[in-house]
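Heads up: the sequence lines are chains A and B, in that order.
First residue of the first sequence? That's 721 in the working numbering, and the numbers climb one at a time after it.
First residue of the second sequence? That's 80 in the working numbering, and the numbers climb one at a time after it.
Hints listed in this document are in silico derivations from the structure and should not be mistaken for laboratory results.
Among the hints, a few may not be true.
What the hints assert, rightly or not - Covered stretches of chain A, going by a simulated chain B footprint (3 or more residues, C-beta under 8 angstroms): (1) 753-766; (2) 771-778; (3) 843-855; (4) 862-874; (5) 893-904.
Stated by the list, open to error - With a straight-line cut-off of 30 angstroms between C-alpha atoms, the simulated DSSO-like cross-links for lysine-lysine are: (6) A:K778 <-> B:K642; (7) A:K883 <-> B:K144; (8) B:K143 <-> A:K894; (9) B:K293 <-> A:K883; (10) B:K620 <-> B:K598; (11) B:K445 <-> A:K883; (12) B:K620 <-> A:K778; (13) B:K293 <-> A:K778; (14) A:K894 <-> B:K595; (15) B:K148 <-> A:K894; (16) B:K249 <-> B:K261; (17) B:K620 <-> A:K733; (18) B:K249 <-> B:K293; (19) A:K894 <-> B:K144; (20) B:K445 <-> A:K778; (21) B:K148 <-> B:K261.
Beta carbons are placed, not taken as given, at the ideal position from N, Cα and C, and that holds for glycine.
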Amino acid sequence: MGKVSTFTIDGVKCMAGEGSYIVDAARQNNIYIPTLCDVQGVPPKGACRTCTVRVNGKLMTSCTSRVHDGMEIENNVPELNDLRKSIIEMLFVEGNHLCPTCEKSGNCELQALAYRYAITVPRYPFLFPRRNIDFTHPRIIKDHNRCILCKRCIRVIKDKDGKNIFAFLNRGFKTRIYVDPDLAENLTEELAQKAVDICPVGAIIKRGQGFETPIGRRKYDKHPIGSELEE
Amino acid sequence: MEQSVSSILDTYQRDPTQLMDILIDIQSEAGYISDQAIEQAALGLNISKADVEQTRSFYHFFSKKPRGKYSIYLNTSVVACMMGRDTVARTFEHETGIPFNSVTRDGLIGLFETSCIGMSDQEPAAIINDRIFPNLTPFRAKELIRDIKAGKTMDELIVEGFGDGQNSNKDIRAIINNNIRKIGPVLSPDYKPGKVIREILPKMTPGQVIDEVKNSNLRGRGGAGFPTGMKWELCRQTESSEKYIFCNADEGEPGTFKDRVILTERPKLLLEGMVIAAYATGASHGILYMRHEYKYLKKYLENLIQGAHKRKFLGKDIAGIKGFDFDIRIQLGAGSYVCGEESALIESAEGKRGEPRDRPPFPVEKGYLNQPTVVNNVETFCAAVKVLLNGGNWYRSFGTKDSTGTKVLSISGDCRNPGIYEVEWGFSVNDMCEMAGADDLQAVQVGGPSGSLIGPGDFDRILCYADLSTGGSLILFNHTRDLLQDVVLNFTSFFIDESCGSCSTCRIMPVLLRNKLNKILNARGMNSDIVDMVNWAKVLKASRCGLGQTAANPIVSSILNFKHLYDQRIRGGTHYDMGFDLNRAIQEAGTATGRFPLME
Ligand SMILES: Cc1cc2nc3c(=O)[nH]c(=O)nc-3n(C[C@H](O)[C@H](O)[C@H](O)COP(=O)(O)O)c2cc1C
Ligand code: SF4
Ligand code: SF4
Chain A
721 MGKVSTFTID
731 GVKCMAGEGS
741 YIVDAARQNN
751 IYIPTLCDVQ
761 GVPPKGACRT
771 CTVRVNGKLM
781 TSCTSRVHDG
791 MEIENNVPEL
801 NDLRKSIIEM
811 LFVEGNHLCP
821 TCEKSGNCEL
831 QALAYRYAIT
841 VPRYPFLFPR
851 RNIDFTHPRI
861 IKDHNRCILC
871 KRCIRVIKDK
881 DGKNIFAFLN
891 RGFKTRIYVD
901 PDLAENLTEE
911 LAQKAVDICP
921 VGAIIKRGQG
931 FETPIGRRKY
941 DKHPIGSELE
951 E
Chain B
80 MEQSVSSILD
90 TYQRDPTQLM
100 DILIDIQSEA
110 GYISDQAIEQ
120 AALGLNISKA
130 DVEQTRSFYH
140 FFSKKPRGKY
150 SIYLNTSVVA
160 CMMGRDTVAR
170 TFEHETGIPF
180 NSVTRDGLIG
190 LFETSCIGMS
200 DQEPAAIIND
210 RIFPNLTPFR
220 AKELIRDIKA
230 GKTMDELIVE
240 GFGDGQNSNK
250 DIRAIINNNI
260 RKIGPVLSPD
270 YKPGKVIREI
280 LPKMTPGQVI
290 DEVKNSNLRG
300 RGGAGFPTGM
310 KWELCRQTES
320 SEKYIFCNAD
330 EGEPGTFKDR
340 VILTERPKLL
350 LEGMVIAAYA
360 TGASHGILYM
370 RHEYKYLKKY
380 LENLIQGAHK
390 RKFLGKDIAG
400 IKGFDFDIRI
410 QLGAGSYVCG
420 EESALIESAE
430 GKRGEPRDRP
440 PFPVEKGYLN
450 QPTVVNNVET
460 FCAAVKVLLN
470 GGNWYRSFGT
480 KDSTGTKVLS
490 ISGDCRNPGI
500 YEVEWGFSVN
510 DMCEMAGADD
520 LQAVQVGGPS
530 GSLIGPGDFD
540 RILCYADLST
550 GGSLILFNHT
560 RDLLQDVVLN
570 FTSFFIDESC
580 GSCSTCRIMP
590 VLLRNKLNKI
600 LNARGMNSDI
610 VDMVNWAKVL
620 KASRCGLGQT
630 AANPIVSSIL
640 NFKHLYDQRI
650 RGGTHYDMGF
660 DLNRAIQEAG
670 TATGRFPLME
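Let the sequences and hints guide you as you build the complete structure.
Right, here's the structure in full:
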């Protein structure tokens with residue numbers, strides 16, 4: 721490992737490799753910064769804005785910004801926590817999230833963050849968009865109702881030649897995920913599983929498979945998201 | 080088409096970073112981009128269909144369905160609407176028999192809407208097959224449709240004379256007028272093209288050029304106001320064998336049109352500025368990224384670039400300086416405001432969606448094709464030429480201490496003399512209104528939708544980076560205008576249409592705010608809705624780029640400065656919001672059955 725940077729998060733002195741992203745650096749110091757779109761080891765995209773922290777009065781996403789010596793990072797403060805909560809609420813009202821019937825319930829990072837931030841009812845009115853469910857692919861089902869457009873699938877899942885299988889279609893509020901029909905046709909079992917696993921919500925699900933783990937034994941049922949770092 | 084897609088791919092050496100040009104050519108040749116063309120492009124470029132589709136679907140002027148032999152794009156900007164766009168639109172619909180967003184059954188005419196096209200001083204305006212038709216009236220709209228149906232060619236559709244200045248140049252031939260109302264030191268015609276390149280650069284080191292620009296205190300004219308000399312220096316300091324100079328001619332901020340006039344009347348000044356920047360930074364390639372709406376200027380500019388090569392202002396060993404090589408190419412956009420953001424501009428020029436990048440790294444370190452890149456506005460390059468010509472001290476004698484030099488303003492709306500004005504920084508809004516021939520104004524939008532809406536109480540404020548900063552757009556509104564309905568709602572919709580969609584905040588919040596605003600406009604709003612809007616808008620500050628960060632400005636600045644307009648529209652006295660109106664909700668069922676519940 722190269723040089724080490726010293727910095728603080730909410731006044732707590734931390735150390736991490738020079739040039740590491742703030743989220744990763746925080747994790748190494750057992751500090752949790754909530755994320756949705758970030759995937760460790762994959763180039764970040766700053767899409768969900770959940771990991772926003774404040775440095776020198778400036779907001780920045782901690783998945784895309786690197787630590788440097790002497791940096792003073794604000795993370796777990798009321799204003800930022802409310803910002804994050806409101807982002808989670810926006811993501812809920814943007815789509816149609818019917819948790820009780822969703823295959824991902826209990827393993828879903830969006831739901832887990834909603835619990836973490838004690839969201840009962842979002843402060844925003846639901847938009848109830850009309851979105852469809854795409855069953856045209858042999859191995860996966862793409863449920864656009866649940867997609868939070870985090871781009872994880874786009875960034876992580878590529879075919880053997882490195883081509884994109886998933887992509888953004890349109891822009892702005894009309895943005896949705898496009899699934900390349902030819903490449904999805906030839907998706908391997910392994911890649912299909914990877915796509916399902918990488919999706920933080922239940923927007924990519926395995927065809928022909930329902931619930932594997934019963935409710936109560938799923939990932940976030942006993943241990944709230946982030947708790948692994950905070951205990 | 081199969082044949083031609085293949086030859087288009089060959090024209091661009093089957094290079095996927097040229098996907099924008101490839102799609103622009105397919106669209107203009109076939110009138111649309113079919114599934115088959117997408118498949119063929121994907122195959123030819125060795126990328127997936129998903130890769131082609133993500134770029135294709137991002138841009139307003141790319142379509143998967145035919146858009147008509149004559150595609151009419153009518154501007155929907157605030158100023159267009161103020162100048163009578165809606166009656167023109169109804170006439171187009173009436174004469175063609177189709178609503179907007181569709182094509183006549185015979186495939187002859189398509190009607191579409193589009194965001195501000197940079198003609199605010201001559202609205203309402205439309206683009207028909209890449210040519211601009213300004214100053215439309217219902218009569219003119221009728222005539223156009225009649226002539227199109229009669230089989231007239233594009234050239235025959237033009238019955239007005241060509242516009243002033245170079246607009247009548249054989250390579251442009253546009254009906255557009257420049258409306259230059261005030262010329263200052265930058266736009267001054269007293270300028271010999273190439274003088275700086277030939278006589279001044281050979282006597283200076285790149286470091287000296289940067290020092291002179293720094294000494295002038297010149298700051299970027301695209302809106303953000305970053306010091307130009309410092310930007311060039313940062314790029315110079317980044318080691319790399321390839322560096323790029325980008326001219327940002329995307330000019331998408333509604334109400335701005337000064338870059339269009341500079342591109343028409345002072346293009347040599349701009350090209351010279353790019354050469355100076357190349358010399359200062361060590362760049363060897365330049366890209367002029369121009370919005371698609373200005374495609375009618377492309378041939379003219381390309382000829383000028385060729386001419387500059389002939390005169391050795393571009394090419395190898397420019398001005399006899401050994402090893403100073405620089406060329407310029409034009410990259411067209413395809414209808415997207417966010418592509419004016421410098422990193423989105425670069426993404427777009429690489430053939431991708433115009434999604435801004437996470438910064439740092441900034442373009443001066445990692446820009447086009449990951450190489451150090453300087454992006455400057457059209458006007459910034461022009462000012463840099465004058466700085467080198469007359470010296471930084473001379474330049475600093477104009478303007479104020481923190482905002483030196485001049486600014487070219489685009490003034491439009493309710494005034495007698497809309498057009499271009501070059502003024503010194505430090506000009507007050509009052510003086511500006513007087514100059515443009517406007518009296519009895521209700522409000523001025525300074526700096527386009529991302530700026531602020533101010534009332535007469537603020538008209539003594541001055542234009543400068545420290546007070547009212549502006550990329551140059553000033554829109555004036557008299558008392559007949561309904562600011563909330565005609566201005567704030569229009570601007571908010573503009574941001575919704577133009578968001579790239581990659582940040583959750585910018586994708587969702589403006590939609591929630593527009594719903595609230597509509598609730599108030601529909602007389603169902605309450606005081607808490609106004610409070611909510613101000614509070615909710617804060618989340619936008621966490622967006623990646625300026626678009627999202629300022630998307631609530633129309634709402635927030637109008638609440639700040641025109642609160643009474645909101646107060647007039649809300650239901651006073653109520654504190655509890657039922658969320659919906661029961662009577663209204665059951666109206667239809669009640670009418671059908673003839674039964675209504677008994678209510679107090
Ligand atoms: C949404 C958005 C749109 C922009 N559009 C333009 C534009 O059309 N033209 C421009 O010069 N700068 C535009 N900018 C500013 C550019 O990002 C950049 O700051 C500028 O081109 C730098 O040049 P300058 O330093 O010469 O001003 C835009 C910024 C944002 C956030
Ligand atoms: S499908 Fe899943 S991984 Fe892909 S963008 Fe949507 S939420 Fe993210
Ligand atoms: S702020 Fe809006 S336009 Fe800018 S990157 Fe984010 S989503 Fe795109």
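These are the hints, each one checked on the structure:
Counting residues of the region 753-766 of chain A whose C-beta sits closer than 8 angstroms to any C-beta of chain B gives 3, which meets the bar of three, so the coverage hint holds. Counting residues of the region 771-778 of chain A whose CB lies closer than 8 angstroms to any CB of chain B gives 1, so the stated coverage by that chain is violated, three being the minimum. Residues of the region 843-855 of chain A lying with their CB closer than 8 angstroms to a CB of chain B number 4, which satisfies the three-residue condition for coverage. Residue count for the region 862-874 of chain A with a Cβ under 8 angstroms from a Cβ of chain B: 3. That meets the three needed, and the coverage hint holds.
Judged by the Cβ-Cβ criterion of 8 angstroms, the region 893-904 of chain A is covered by chain B as claimed, because 9 of its residues qualify and three suffice. Under the criterion of a C-alpha separation no larger than 30 angstroms, the hint pairing A:K778 with B:K642 is consistent with the structure, at around 29 angstroms. At most 30 angstroms may separate the alpha-carbon atoms for a hinted pair to count; A:K883 and B:K144 meet this at roughly 26 angstroms. Restraint check: the Cα-Cα separation between B:K143 and A:K894 comes to about 16 angstroms, which is no more than 30 angstroms; the hinted pair holds.
Taking the CA atoms of B:K293 and A:K883, the gap is near 45 angstroms; set against the 30 angstroms cutoff, the hint is violated. For a cut-off of 30 angstroms, the pair hint linking B:K620 to B:K598 stands: about 24 angstroms separates their Cα positions. For the suggested pair B:K445 and A:K883, the alpha carbons sit about 23 angstroms apart, so the restraint of at most 30 angstroms is met. Of the pairs offered as hints, the one joining B:K620 and A:K778 holds, with about 10 angstroms between alpha carbons and a cut-off of 30 angstroms not exceeded.
At most 30 angstroms may separate the alpha-carbon atoms for a hinted pair to count; B:K293 and A:K778 meet this at roughly 26 angstroms. At roughly 19 angstroms between alpha-carbon atoms, A:K894 and B:K595 fall within 30 angstroms of each other, so this suggested pair holds. For the proposed pair B:K148 and A:K894, the alpha carbon gap of about 27 angstroms is at most 30 angstroms, so the pair holds. The straight-line distance between the Cα atoms of B:K249 and B:K261 is roughly 26 angstroms, inside the 30 angstroms bound, and the hint therefore holds.
Distance hint between B:K620 and A:K733 is fulfilled; the C-alpha atoms sit about 27 angstroms from each other, no more than 30 angstroms. The hinted pair formed by B:K249 and B:K293 fails the criterion: a straight-line CA distance of about 39 angstroms is larger than 30 angstroms. Between the alpha carbons of A:K894 and B:K144 the distance comes to roughly 18 angstroms, so the proposed pair stays at or under 30 angstroms and holds. Only pairs whose Cα atoms come within 30 angstroms are accepted, and B:K445 paired with A:K778 is accepted, the gap being roughly 22 angstroms.
The suggested pairing of B:K148 with B:K261 is violated, with an alpha-carbon distance near 40 angstroms, which exceeds 30 angstroms.
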